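J.: Keeping their order, the protein sequence lines are chains A, B and C. Residues in the first sequence are numbered consecutively from 1, following my numbering. Residues in the second sequence are numbered consecutively from 200, following my numbering. Residues in the third sequence are numbered consecutively from 500, following my numbering.
If you're looking for bench data, these hints aren't it; they were derived computationally from the structure. All figures in this text were calculated on a predicted structure; none of them were measured in a lab. Hints should not be assumed to be uniformly reliable.
[Unchecked claim] The list that follows gives simulated cross-link-like pairs (lysine-lysine, DSS-like), each with its CA atoms no further than 25 Å apart:
#, chain 1, residue 1, chain 2, residue 2
1, B, K420, C, K1180
2, B, K255, A, K197
3, A, K150, C, K837
4, B, K420, C, K916
5, A, K50, C, K1180
6, A, K185, C, K511
7, A, K194, B, K255
8, A, K87, B, K255
9, C, K511, A, K161
10, C, K631, A, K185
11, B, K244, A, K197
[As the list claims (entries may be wrong)] FRET-style restraints, in silico, Cβ to Cβ:
#, chain 1, residue 1, chain 2, residue 2, range
12, C, D680, B, M423, 46 to 56 Å
13, B, F370, A, D63, 41 to 51 Å
14, B, G429, A, A180, 57 to 67 Å
Glycine included, C-beta positions come from ideal geometry on N, C-alpha and C.
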Amino acid sequence: MENARMKFYCDESRCIECDGCSIACAEAHELPAGIARRKVITIHEGIPGKEVSTSIACMHCTDAPCEQVCPVDCFYIREDGVVLHDKEKCIGCGYCLYACPFGAPQFPREGIFGSKGAMDKCTMCAGGPLATNSHHEFELYGQNRIAEGKVPVCAAMCSTKALLVGDAESVSNVIRARVAARGGKGFNSYGWDKAYKNQ
Amino acid sequence: MRKYIYTLIALLGFATVAFGAADSQIWGEMRIQNILGYGQEESLKLGAWFTFLQSKYFAWVFLGVLIGVPTVFFLHYKIVGQKVFPHSHNKHYAFNLFHRTIHQVAAVSFMVIIPTGFIIVFGDFFGGGTLVRMAKNLHGIFTIPFAIVILPMALMWIKEAIFNLEDIKWFMILGGYLSKKKRIINATQFNAGQKMWYWVCILGGLVMILSGAMMFFMDFKIEMLHNLTGLSHIDMLRASAIIHNVMGFILVAVFFTHIYMAAVAIKGAIHSIITGYVEEEEVKFLHNAWYKKLKEKGKF
Amino acid sequence: MTNSFGDIQNAKSIFIIGCNPAVNHPVGFGHILKAKERNNAKIIVIDPRFTKSAAKADYFAQIRPGTDIPFVYGMLHIIFKNGWEDKKYIEDRVYGMDEIRAEAAKWTPQVVADVTGVSAETLMEITTVYAKNSPGTLLWAMGLTQHTIGTGNTRIAPILQMALGYMGKAGGGTNILRGHDNVQGATDMGCLSDTLPGYYGLVEGSWKYYARMWGVEYDYIKSQFKDASWMGKPGFTLARWWAGVLAGKPGEDAIENAGTNLKALVVMGCGITSTSQNLKIQQGLDNLELLVIADPFVNEAAILTNRKDNLFILPSATQFESSGTVSATNRSAQWRYKVVEPLYESKADQDIMFELAKRLGFYEEYTRSMMMRLKSDGHLEMTPDKKTFQWPEDATIEISRTLRTIGMMGWTPERIKKHTDNWHMFDEITGAGKGDMKGEYYGLPWPCWSVKHGGTPNLYNVDVPVSEGGMGFRNNFGLEKDGVSLLSGKGSAPIGSKVDGGYPEITKENIEKLIGRTLSAAEKDLCGANWKTCTSGKLVDLALEAGLTPYGNAKARAVVWNFPDRIPLHREPLYSPRPDLVEKYPTYADKANHFRVTTKYATIQKEKDYTKEFPIVMTTGRLVTMMGAGLENRASKYICALTPEMFCDIHPELAQKNGIKNGHMMWVHSPAGTKIKVKAKYSYTVLPGMVFLPFHFGGFMQGVDMTGNFPAGTKPYASGECANTVVSYGYDIITQIPASKAGLCRVEKA
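Pulled out of the complex, with its shape left as it was, chain A reads as follows (with noise of 0.2 Å):
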């Protein structure tokens, strides 16, 4: 995995919003109610040849822009991609929320009057800082199947396999066998472009 680029894609032509990935997630990572690091969405619902489904969490953006603007630099980038950060670091601004394009990062309602606690977003299966598939770190972020060897769970659940996770090249020939056997049709994902534009 000599510095593959992680990436995920959620293909709309086959997301039937099953809200597999989303439950997958919250019942691996023990995820407090309301967090939901991983949320399926369909648009003009009913209406048809306009109904959309798809699910979002963090696409690990080149350049992330939450990595960016955090105040406190609680962020880093492994060198896969995965945007990581540092929850005993996190002063719950929010600032990243507002500079992420796609509303990823969670905030529990934990802090004084109900305002928002440390930030929690996906970690793409890849646990946090501290030490590897430790209790203080599942506690604070989760499962770490990445250091298992183990895909993300919400892709792993998906049931069509419309979301796809993985390096770059892997996730970029899934998709193009996929478009050429539609005939060139249905390579569409929201985020996609503006979350790996550069690369």
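Keeping the supplied structure of chain A fixed, place chains B and C upon it in accordance with the hints.
T.: Below, chains B and C alone, put in the same frame as chain A:
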């Protein structure tokens, strides 16, 4: 003007606060629209603007204000120096207990809000974590007393804070503070500089409270503002962050000025807000119009 | 399912009617999407709602609920008119297509448009696409079955497939999507009141066969009944058991139950609180003398009832706490291994049954056959020295030696386990094994004729030999009808067959003639009277050797002369939104003794014009987050975060006309006088004249919160009104399945 203030206060009162809503606008159905809206041609591109400003400028501007403004005053102190007026026994009781209490509450709030604000801005310097989080919380908590006193403060000094023609002259010579010479300045109880501080503090303060509350609570939503601006909730938050920072530069700069003027530029002036008594000589020189009025009434 | 989910990837067109696989079979739906990618398969969805499946379809027709038969006849009309039917296939393999042709002639696109609400152009477009993209596979589920004419619906669908020659082909067939885990297995095992396990009929011959296979005397079984005549009578069904309790009360239907009402009810793993006429269920539960419920979670039957006594809740184990075979929707088996021992004081279902049998005094008879083995001559004998049975392997062995009608003879525990352990060695699409597993199909889809047979991936496929999964249609209804042969025509036997064309099912009598050789005396001794009861397996072996299907090779029947409708006929729902059509397409006459209960049809339909008071069409269905009555799903906080409460999909136009705001509460009233209070959810998936209700909620009854009845700590995260409270009277004429899909209602602001 008063009507405006009332409107702003009313806005605060009618704010629809939705705590704990799992599906707030930010993460609910609107999420895709928010994503689509991000950086779109016809949009205000607030997300991109915020990212650009916050990542490149805000901290530097604050550093500039933090170092620049005191430097200017240090130079002023060294070059022009302190204005010292003889303090006779003639004093006028200008600020009663109510005035002073309101002012002091606001003052203490500022003394906490501004340093904690700087700690947040330079959060990386402080290493994040508990200290900065505490600063963030104090920043929020001390907004409450300020929010309580801002309205009475606005009302009790508004009459004195309305600009008049004389203020143009004051601005043209910057109140005479650039020269060592003592000149008689034809100002009312508040000179133009003080009036400016009043408006920055009251209007800016309200903007800071509002934008701050929005960011602090995140789902703190004011329908009227959305209807007025047509912004989505997330864009409103982005706008809040930009406004809060920009207004922060101004407020901090003017606040520093206020401190310098009261504590250093005019020796002993600060006592007037502590004891409530203003010195005749100071009033005579710096607030001559007010002085004349007081004289007519037989004060001093 | 005649084929399998994987096989759908071979289809060129996919016709989805009365099911919503994107929601109910999300993983299976992947195969449909892949067919679209691989084959450029056209996806056609016929549904009253714009479902998630419809969102992925190339063609969509929004049909009025309960008008599937007219729609398909409309297609057949166009097919026959243009000569698109598979004439040779019909000639050789179908009986009675002429009657269908005659009926189809009446259903011109204009008539169809009037009845179904689908335009003639859409019908034409869909028919053309489906007929021209061969092979096409047809999918359905409860959307077809849950009507008074449900049986007719499930007949017209295969008739369409046969007209186009799509039946018995890879990429074709009728693929009925089973809705629950192992529901195919449950059906095969005889969880029905009108058959014995394996679809053996309620006739003396079957009972005697079962007595032999269970190692008990026929007289012993007979002695358990009031008298021998009751051994041949179907029992009550899940749909109307409560009628057996309530009979005799004013307004209730009469029963024929040997002069007594039902007094006790044992419920094991069944969400009985989510079947139609929920209020009746509540009354039924209240009027029982004894109610026992065994479920991993507290079954809402215990909550819904007002009874305070003689109600027992037994904690039963989940699938993770027990092991054994489960059958998938494509008739294939998997071994399910136990993950953990049953938690706390819960017990696996069979252990609860064993304890019950012990206390009722028939434990020995109940479990005896698990200690027995078949000898090679076909006799069942006690295994010497076997002191106890081994669960579940001994039960699986019993199943495989007994359920011959559907060909479970090859389902030994060893083979099934081997498949499960080596699942990666099978092809995703065909199910064919590779390497060590060559020659077998994953899970040995039945019929799996013998321990050497590899299973039948696609039913009725004559393009492969019987030994590799080929077969014709079953000979089950005699050799001829009204002078017309029911056996299939020449050239329609599976490849490699000794007999070219049709032949009857294999018996001791005809075996020699069919295989063309004389049997030795020893061989003859091994043969039972017919292949279904020949426990040595000799007749099946001989048939397979000769490339014959044990059950014969006959024509499929388009005409079923022993049903009320010889051919599928459209009949308006009991509560029809089109009173003007009722006269032309009336429902059945009332039916006495329908699974022991008098069941009303015409009486209800003719009572009045319901549309004046109840102008809105109502249908029910599933959510992707839930299953059945939703008990286990509503015990998950993450699922409940997504679907926290009961709601009603309502078109904004209809809602606003009734003053109902999005997210506000509304009442749904049924013609039966029941009502539910639910949250309105604006949705464009339904037409302005109809509403949709999911049926997974429970705990509330007509606005009354009953969740206080939950034992401490067992209340689910989400509760709500059950849609079935407002699902009114109406049951299928053959199967008695509730007619829940085409109802009427009135909506009101709450």
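J.: For the pair supplied as a hint, C/K511 and A/K161, confirm whether the alpha-carbon distance does not exceed 25 Å.
T.: Given pair C/K511, A/K161 holds - Cα atoms ~21 Å apart, limit 25 Å.
J.: CB of B/F370 to CB of A/D63, is that within 41 to 51 Å?
T.: Hint holds: Cβ distance 45 Å, inside 41 to 51 Å.
J.: Within a Cα-Cα threshold of 25 Å, do A/K194 and B/K255 meet the stated pairing?
T.: Within the cut-off at roughly 20 Å; holds.
J.: Given the hinted pair A/K50 and C/K1180, is their Cα-Cα distance within 25 Å?
T.: Holds. A/K50 to C/K1180 sits at ~19 Å (cutoff 25 Å).
J.: For the pair we were handed, C/K631 and A/K185, check the Cα-Cα distance against 25 Å.
T.: 23 Å, holds
J.: Run the distance test for B/K244 versus A/K197: straight-line Cα separation, threshold 25 Å.
T.: 17 Å, holds
J.: Is the hinted pair B/K420 and C/K916 satisfied, with a Cα-Cα distance of at most 25 Å?
T.: Measuring from Cα to Cα gives roughly 59 Å; hence the hint is violated.
J.: Is 57 to 67 Å a correct range for the gap between the Cβ atoms of B/G429 and A/A180?
T.: Violated - the Cβ-Cβ distance for B/G429 and A/A180, about 42 Å, lies outside 57 to 67 Å.
J.: Check whether the Cα positions of B/K255 and A/K197 lie no farther apart than 25 Å.
T.: 20 Å, holds
J.: Given the hint that A/K185 pairs with C/K511, does the C-alpha gap stay at or below 25 Å?
T.: 18 Å, holds
J.: Need the status of pair B/K420, C/K1180: alpha-carbon distance at most 25 Å?
T.: 23 Å, holds
J.: Check whether the Cα positions of A/K87 and B/K255 lie no farther apart than 25 Å.
T.: With a Cα-Cα distance of about 24 Å, the restraint between A/K87 and B/K255 holds, given a limit of 25 Å.
Hints 4 and 14 from the list above are not met by this structure, while the remaining hints are.
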